[in-house]
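Q: Once you've looked at the hints, dock chain B against the given chain A.
Sequence lines, in order, name chains A and B. Numbering that gives the first Met the number 0 puts the first residue of the first sequence at 0, with every later residue one more than the last. Numbering that gives the first Met the number 0 puts the first residue of the second sequence at 0, with every later residue one more than the last.
Among these hints, one or two may not hold up.
[To be verified] With a straight-line Cα cutoff of 35 Å, these simulated DSBU-like cross-link-like pairs (lysine-lysine) come out:
no.: 1; chain 1: B; residue 1: 120; chain 2: A; residue 2: 146
no.: 2; chain 1: A; residue 1: 10; chain 2: B; residue 2: 14
no.: 3; chain 1: A; residue 1: 25; chain 2: A; residue 2: 197
no.: 4; chain 1: A; residue 1: 47; chain 2: A; residue 2: 81
no.: 5; chain 1: B; residue 1: 127; chain 2: A; residue 2: 147
no.: 6; chain 1: A; residue 1: 197; chain 2: A; residue 2: 172
no.: 7; chain 1: A; residue 1: 146; chain 2: B; residue 2: 20
no.: 8; chain 1: A; residue 1: 81; chain 2: B; residue 2: 107
no.: 9; chain 1: A; residue 1: 146; chain 2: B; residue 2: 24
no.: 10; chain 1: A; residue 1: 25; chain 2: B; residue 2: 14
no.: 11; chain 1: B; residue 1: 107; chain 2: A; residue 2: 147
no.: 12; chain 1: A; residue 1: 165; chain 2: B; residue 2: 24
no.: 13; chain 1: B; residue 1: 20; chain 2: A; residue 2: 10
Derived by calculation from the structure, the hints in this document are not laboratory data. Keep in mind it's a predicted model, so treat the numbers as computed, not measured.
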Amino acid sequence: MIDPRLSVINKRFSGIKRVLVFASGKGGVGKSSTSVVTALSLAEKGFKTGLLDLDFHGASDHIFLGADLDFPEESYGILPYKSSFGLNFMSIVPFTGEHGIPMRGEDISNALIELLAITIWNELDFLVIDMPPGIGDEVLDIIRFLKKREMIILSSPSLVSARVVKRLIEVFKRLEVDISGIVENMGNTNHSALSYTKDELSNEFSIPILNSIPRYDDFEQAIGDPELLLKGSFGNQINLMLKNIGIE
Amino acid sequence: MHEWALAESVVEAVKEQIRQKDNMKIERVILLFGELQEINREIFDSGLDEFLEGCSWSRDVFVYEMEQAAFLCNNCSHEWSLPPEQKLNEDVQESIHFIPEAAHAYIKCPECGSPDFQIKKGRGIKIKEIHMLEKTS
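Chain A extracted, bound-state conformation (with noise of 0.2 Å):
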């Protein structure tokens, strides 16, 4: 028996030029708010950009972005919603509503497929992927079909975060994924001594420090509103980790 989805994939993602995939350890690092706020920076500065939502049982990208996403338009495929700033958007939450989705295995896979298979991208320079937390089927999926991806791991200034994220590290090592830098997130510089960051993950592994981003008590007022998460603070940070990675 022949999965034909698996032969289009590599055709889906032959226009994008880079593919920047959002990894955690564990959740609640700020990994959505990161990968949206990228996104919407690339595009704002007119990059053609993709976000595209692969943490299905905790789908929010839309719920940053402020979108009501209906059954997506078809053209030889589905096409991806356009969003703030031209970014094209694409997630399962059109096909199951704010509803759970208690998946596991073979039908988490099924679906990642399923959307790398029949989304159209067309040409892109940035393709976002946020991903959920863990090293679940999602991120096993996206190690194996893409070969062409640039990881970046978030973590939090915390030991608990930082000991699960080295073990995330340790697998995409034995897996032979190359990580292109880590930010850490919700960092509080009158505590910047617990920081774990540096020494438990990029001074261990060699990975580049790509920011070290602040806790803003005000970001939560910014969701929804993509004019708001791009011109506030958090947005300036997220430019400054794009420099970091040489995108101006």
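A: For chain B alone, coordinates are given in the frame of chain A:
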């Protein structure tokens, strides 16, 4: 029209299989259509015609078989299929048509009511068999 993306995937997959076999030609391809996804055959066929342009083989080589949907409840081990009288509303059917695993948002085990189930069979499209023949000179 998203059937065209699936038609394209089928054509690419068959091309992959025949790529290294210059002395062979496609005789027959058996496709399994999963009941759950409700692929529109007419739209799929038009997609096949589009992506087969330039190929030495045509849509005539394709044989379609239907695979019934089958679910297994992880909670109580009940197995079930889609009864003909089960009516899902149009929007739900459309959601499942795009991504069959969206069923987890809408379908429950008829025995225990759990949404924790597996889709064992009949989700979408698969290539069951590809038969090739040696080219005659």
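Q: Each hint should be assessed against the structure and marked as holding or not.
A: Here's how the hints hold up against the structure:
1. B/120 to A/146: holds (30 Å)
2. A/10 to B/14: Holds, because 14 Å separates the two Cα atoms, which is no more than 35 Å.
3. A/25 to A/197: holds (17 Å)
4. A/47 to A/81: This hinted pair holds, its Cα atoms lying about 11 Å apart.
5. B/127 to A/147: holds (30 Å)
6. A/197 to A/172: holds (18 Å)
7. A/146 to B/20: Given that 35 Å is the threshold and the Cα spacing comes to 27 Å, the pair holds.
8. A/81 to B/107: Cα-Cα ~33 Å, so holds.
9. A/146 to B/24: holds (31 Å)
10. A/25 to B/14: violated (42 Å)
11. B/107 to A/147: violated (39 Å)
12. A/165 to B/24: violated (51 Å)
13. B/20 to A/10: holds (22 Å)
In terms of the numbered hints stated before, the structure departs from hints 10, 11 and 12, listed from lowest to highest.
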